[in-house]
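K.L.:
Chain A is fixed; fit chain B onto it per the hints.
As they're listed, the protein sequences go chains A and B.
If you're matching positions, the first sequence starts at 1 in the numbering used here and goes up one per residue.
If you're matching positions, the second sequence starts at 1 in the numbering used here and goes up one per residue.
These are computed hints drawn from the structure, not numbers from a lab.
One-sided excerpt, in silico: chain A residues whose CB lies under 8 Å from chain B:
| no. | residue |
| --- | --- |
| 1 | N61 |
| 2 | F63 |
| 3 | S65 |
| 4 | A70 |
| 5 | T73 |
| 6 | D92 |
| 7 | P93 |
| 8 | R102 |
| 9 | Y103 |
| 10 | G107 |
| 11 | P141 |
| 12 | G142 |
| 13 | D165 |
Chain B is faced by these chain A residues, among others (derived, beta-carbon under 8 Å):
| no. | residue |
| --- | --- |
| 14 | A59 |
| 15 | V68 |
| 16 | N96 |
| 17 | Q108 |
| 18 | V109 |
Ideal Cβ placement from N, Cα and C applies to all residues, glycine included.
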Amino acid sequence: MAKTKYYQALTRALREEMQRDERVILMGEDVGESGGIFAQTRGLYATFGANRVRDTPIAENGFVSAAVGAAMTGLRPVVEIGFEDFVTACMDPLVNQAAKLRYMLGGQVGIPLLLYTFGGGGVNAGPQHSQSLAAWFAHVPGLKVIQPSTPTDVLGLVKSGIRDDNPVICLLSKKLIGSAGDVPDLGTDHLVPLGKADVKRAGHDVTLLCAGQMVQAGLKAASLLAEEGIEAEVIDPRSISPLDMETVLASVLRTGRLCVVHEAHGFFGLGAEVIASVCEAGVPLKAPPRRVTPPFAPSPFTPSLEALYLPSPERIAQTVRAMLEPA
Amino acid sequence: MKSRAFNVSVPGAQGAGISADVARRLFRTMCEIRRFEEVASERYKLGELPGFIHLSLGQEACAAGACATLERGDYITSTHRGHGHCLAKGADPARMMAELFAKAQGYGKGRGGSMHIADVAAGVLGANGIVGQSMGLGIGAALSLQVQGRNNVVIAFFGEGASGAGIAHEAMNMAAIWKLPIIFFCEANAFAELSPFGTHVSVPDVAQRAAAYGFPGITVDGEDVFAVYATVRQAVERARRGGGPALVEAKTFRWHGHYEGDPQNYKSDADHAKAQTFDPISLARQQAADVPGLKAHELDDIESKARGRIDAAAAWAAGLQSPPASALTEDVYAEA
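Pulled out of the complex, with its shape left as it was, chain A reads as follows:
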């Protein structure tokens, strides 16, 4: 095992896959010589050259459409969109083209495309640089959506995503860019399958399903609760679509309580979907399921307000305590 940072795990995944398969190319704003706004593509241009590492103009609709065209004709493009909010500028090539072409064309093509982007809040980036849009993409048949929360999952999921023959949206967390964690040593081909959740902490009193950087908040909340004798099971879905409901249902069957935490809005979000699925499965619950999410408002720039906006360990713990109170 080796310690590495979240963004360095991304660089390693890109490097390993570009070395393994010459059809993999990287394109996006400033991914080339500059090495990226977070140093996330540093060194790739020097190794793989201008042909395979392409700086693009600030034209998300155009270069994502180009990536789809390239994916139809023999390449396996990886596209960077620096901030998740900017994906709204290329919804057409993602939603109308990449997601549907295989279906509309009778299975003639796959679209092996991985788009990664940095989203979420916690860095006072304001309403146009802090969004979490996982549910938007998960709502589209034909797209896959992954949301890794640790360096090792970044490495394994991005590598698997690049090898997938479908369009994969990889939602990374800006707040976690500099976070460190253990990853398998260089030379290990570390793959994490899409659609497989990870139990980050075992527990028997409540299931905390936490996505993206909320995994860290959930783990902190679990520590707080443990001091009070409450054992929370923290599950990281890692992949939003496909979603590993099997792992979630098995956990809720044991705990009888479910709390879903994400930094995307609650309305029509991951929590709504998971809670509906648990209800449909007829899992007996000891308390009504709960969601901990931001309010239905844009993410403010204001540091004091953004601190209130994002689910905190204290707020999660408070919600869980209420679930355990006798009715």
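P.N.:
Quick look at chain B alone, frame taken from chain A:
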């Protein structure tokens, strides 16, 4: 007609050096497109084709002339008005008809319909329902060719309506920066959806826009298949040599409405009259006299065979079965 961009004359069949073989091929393709669109229109009126369709009657010279310059390994990307492009690049009219009839044997297993006909093996990357995306997808295919070091090119078809979309600018800018092997082919058919050219385009010719990207732009008579062919051929040869993109605009005319059933009340009497006179097939018959070795009676034979091929395709497609219910959820994802 003089082309500033390529510094050559495009005077018609003889001066353009059109051989009898090429002339026959161009004529045959135009006749097949004409018949395909006529049959589609008839079948649509009879209620046999679900959904809605956009026809390219009057625009046959564009698809035929442009695609005749290509090899099988070259690609095209097309638009919602794409039947002609697909036929001209080598798609099978029977499987195309099957798609219009929503049958399992169609190119999209009957699930895509008129706007999503593709034959990837033949280099047809698809008609497309989103205006302008042919240009983005097209530069992506050209990027593939460049990265893979293949000596092929792409033609991205679009209309003057798409020329106003952001992606048109984004794609042409990127194609120029990366010197991609692509020809942007604008079929300026006088109307974008239900409004005339001037509602959509700020300059007289879309080809003028090429100046903004630093590559050649040329406007050609879209009624003249030989002129279209000769012009695109130069652009294709240039792109194949590594010379980068070009923009070719063909001034053509859409006989029918935006979609079949369009009442076309936005068209003037003069517009309706033009649909009776603007005819690339008639013009080609006249010009054929200038092509050495081409006999007038050959054209009748070519036309009759073309009609027969399309009529047989439609008859076959009409008799097929609908896709099974299992097709509803097939091909959403590729096996990982």
